[in-house]
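Quick note on our numbering: the sequence shown kicks off at 238 and runs consecutively.
No lab work stands behind these hints: they were computed from the structure. Since we're looking at a predicted model, the values are computed, not measured. Please note: incorrect hints may appear among the correct ones.
Below are the DMTMM-like pairs computed for lysine to aspartate or glutamate, each with C-alpha atoms no more than 20 Å apart in a straight line [as the list claims (entries may be wrong)]:
id	residue 1	residue 2
1	Lys718	Glu767
2	Lys778	Glu767
3	Lys356	Glu284
4	Lys356	Asp295
5	Lys402	Asp243
Here are the computed distance ranges between Cβ atoms for each label pair [as the list claims (entries may be wrong)]:
id	residue 1	residue 2	range
6	Leu735	Ile408	24 to 30 Å
7	Gly662	Glu265	27 to 33 Å
8	Arg508	Gln799	57 to 63 Å
9	Asp361	Asp305	40 to 46 Å
10	Asn442	Arg508	27 to 33 Å
11	Glu544	Asp287	31 to 37 Å
12	Glu354	Leu663	30 to 36 Å
Just so it is clear, CB atoms sit at the ideal spot from N, CA and C, and this is done for glycine as well.
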Amino acid sequence: MKNNKDFIVKFFYSPIQKFLIRNYTKYESRILSYSKIDIRKITTKEEIADLVCMWYNDEEIAFGYVADLSEDERTILTKATWNHALDRKELEEILGTPLLHLAKLWSNYLVVQLIPEIKARWGDFITLYEPSGYYEDRKGELRDTGISLSIPYELRKLLAIHLPKPEGYYIKPIQEPGEPFVTYLTESIITAELPRIISYHSQGNIKYSQKGNPNAASAKKMSRTLKLSSFGNADDTPVRALLIAGLLSDDFKMKVISQSAHETIKTLLARDFNKKQAAPYMLTHLKGINYFQYHEYRLNTTATIIEIFRKLSPGQWISFDNLNSFVNSRFINISPLLDWQIRDKIEAEYSVISSKGLMVQRTISVYSGNAQQFVGEPYLAAHVFLMASFGLMDIALDPAIPNLQSAYQNLLAFRITAMGAYVLGLSKDYTPVTTDFQTTLSFDENSTFIRVEGDPVLADTMLSSYANKVSENRYQFSPGKFLKECKSTRDIQNKIVLFKQTIGEKLPAFWENYLQELVSNSKSINSQSEIHVFSIPPGNKILQRMIVQDEVLRKLVVKAEQYHILIEHTKLTAFTNRMKELGYVLN
Numbered sequence: 238m239k240n241n242k243d244f245i246v247k248f249f250y251s252p253i254q255k256f257l258i259r260n261y262t263k264y265e266s267r268i269l270s271y272s273k274i275d276i277r278k279i280t281t282k283e284e285i286a287d288l289v290c291m292w293y294n295d296e297e298i299a300f301g302y303v304a305d306l307s308e309d310e311r312t313i314l315t316k317a318t319w320n321h322a323l324d325r326k327e328l329e330e331i332l333g334t335p336l337l338h339l340a341k342l343w344s345n346y347l348v349v350q351l352i353p354e355i356k357a358r359w360g361d362f363i364t365l366y367e368p369s370g371y372y373e374d375r376k377g378e379l380r381d382t383g384i385s386l387s388i389p390y391e392l393r394k395l396l397a398i399h400l401p402k403p404e405g406y407y408i409k410p411i412q413e414p415g416e417p418f419v420t421y422l423t424e425s426i427i428t429a430e431l432p433r434i435i436s437y438h439s440q441g442n443i444k445y446s447q448k449g450n451p452n453a454a455s456a457k458k459m460s461r462t463l464k465l466s467s468f469g470n471a472d473d474t475p476v477r478a479l480l481i482a483g484l485l486s487d488d489f490k491m492k493v494i495s496q497s498a499h500e501t502i503k504t505l506l507a508r509d510f511n512k513k514q515a516a517p518y519m520l521t522h523l524k525g526i527n528y529f530q531y532h533e534y535r536l537n538t539t540a541t542i543i544e545i546f547r548k549l550s551p552g553q554w555i556s557f558d559n560l561n562s563f564v565n566s567r568f569i570n571i572s573p574l575l576d577w578q579i580r581d582k583i584e585a586e587y588s589v590i591s592s593k594g595l596m597v598q599r600t601i602s603v604y605s606g607n608a609q610q611f612v613g614e615p616y617l618a619a620h621v622f623l624m625a626s627f628g629l630m631d632i633a634l635d636p637a638i639p640n641l642q643s644a645y646q647n648l649l650a651f652r653i654t655a656m657g658a659y660v661l662g663l664s665k666d667y668t669p670v671t672t673d674f675q676t677t678l679s680f681d682e683n684s685t686f687i688r689v690e691g692d693p694v695l696a697d698t699m700l701s702s703y704a705n706k707v708s709e710n711r712y713q714f715s716p717g718k719f720l721k722e723c724k725s726t727r728d729i730q731n732k733i734v735l736f737k738q739t740i741g742e743k744l745p746a747f748w749e750n751y752l753q754e755l756v757s758n759s760k761s762i763n764s765q766s767e768i769h770v771f772s773i774p775p776g777n778k779i780l781q782r783m784i785v786q787d788e789v790l791r792k793l794v795v796k797a798e799q800y801h802i803l804i805e806h807t808k809l810t811a812f813t814n815r816m817k818e819l820g821y822v823l824n
């Protein structure tokens, strides 16, 4: 709570004080039992704070205060307590009247203001957000001005003690969603796909920004190359691939690429999420979020959400609305950014469907009144999608709801899978799901051919950087592909290590010798930085004869051919000095 007397009086003391003065006779004994101070008089800050704590914790006084409010006041305070903030549309629906009007200042200048009745009652709780852009008509500005009504966090917690608990305050399981909803059972999906993903990532095929955020185009390419499953219709934003690439991150290294899927994912989830903020690639509909530096993000938001998941019972379907209400009504702050950062620097891109049925793109400034809609709720849903992307949750989507505001808007429900229970530490044992087939690579013992059995996509992902496909199930090792990015012997040695990690098995002796030959070959031809090359004009016969005939120069020149001469670095000074003696200065 702010350590400010005016703040405490305005928002906490004065409203309930006025109620008690109006009903002094009814509550006299309760008032005097706490203090002999005359509540009609202004007291010290310490006495006011003490009275506030006692009054709001007194069930009889607090219930009486809430019951004494008008129905509209009670509805607004209740929604503001549980939902953080109310926007203009919600307030106008509750009050049944416009909130703003065009007021004249000096001359005929018009300005958007709260109507006097609203300002008198709710002005202290309301913030106006002027629309961006230029308006020739003030009526347009009046139409687009944003409103946010919020009450202090500490007052929300005090009122929450006595207000009826909202729907969603408790987690209540639901039946498994059937048609028309679309359900994704993700354990078998990730078990089949993860070897491809890890192999693809280990070869450096996923591109990241300087801040470590996955590149959307690179994630889209990964999704297409690896033929990854997607949630819902594929669109321009490869949501699942982006979430997978983000969790892997640019600096993640697997010690053993061939380890089981659930142990690999458990290793990923054990990382420190504060080192790589998830918000930039989770909230792709927000403009400006990529400009924030590491220290500007709120820490532990992802870890906080995962802790919430650990409170849930595995195998039970939970509606996302229930989860969202649970987080809000428990005052759990999961926003990745502070309120002032959202208000001053963030815009949201969203879509609306026009009267002609066309999807129209729009942009809106994000403020406290719509931050839950564009930041908090999508961020929570993104973590459900993240868990589902790795097989830790099954999800159900509502295909009738278009994703107009974020990529997660049609999330209906989810449940923690058996793998999710194991990875989150909710169960000690896990029996992996079986896939239709295993992928094996057979290396010929006398040639550079490789035979593949199993998943052709995985095989191509593992071998595409090292070999050429010569038939449906055969590859031939390609030195050109293998050495493409190598610039030194050390690069080749590192590439061999990566190759062995990718295939995850012991190579025959022929292959070991063949790879070592590549290392040896790199030492056969060396560039010579100790040699200087000078060119001679083809038409200058005098200079050519002089270099050939001069006894001193003949001893200094290593080789002369095709109008070029080679001079060792150790003899360069003697050569330039001799040329000066002969009348030539070298550039």
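Status of the hints after comparison with the structure:
1. For the proposed pair Lys718 and Glu767, the alpha carbon gap of about 31 Å is over 20 Å, so the pair is violated.
2. A threshold of 20 Å between alpha carbons decides the hint, and for Lys778 with Glu767 the separation of about 28 Å lies outside it, so the pair is violated.
3. Restraint check for Lys356 and Glu284: not satisfied, since their Cα atoms lie roughly 29 Å apart, outside the 20 Å limit.
4. Restraint check: the Cα-Cα separation between Lys356 and Asp295 comes to about 30 Å, which exceeds 20 Å; the hinted pair is violated.
5. Under the criterion of a C-alpha separation no larger than 20 Å, the hint pairing Lys402 with Asp243 is inconsistent with the structure, at around 30 Å.
6. Range check, Leu735 to Ile408: about 45 Å between beta-carbon atoms, so the 24 to 30 Å window is missed.
7. The beta-carbon spacing between Gly662 and Glu265, approximately 55 Å, falls outside the hinted interval of 27 to 33 Å.
8. Separation of Arg508 from Gln799 is about 59 Å and conforms to the stated range, judged on CB atoms against 57 to 63 Å.
9. Under the hint 40 to 46 Å, the C-beta atoms of Asp361 and Asp305, about 19 Å apart, miss the expected range.
10. The hinted window of 27 to 33 Å between Asn442 and Arg508 is violated, with their beta carbons roughly 21 Å apart.
11. For Glu544 and Asp287, the Cβ-Cβ distance of about 35 Å falls inside the hinted range of 31 to 37 Å, so the restraint holds.
12. Checking the proposed 30 to 36 Å range against Glu354 and Leu663 shows it is violated: the Cβ atoms sit about 53 Å from each other.
Checked against the numbered hints above, the structure breaks hints 1, 2, 3, 4, 5, 6, 7, 9, 10, 12 and satisfies the rest.
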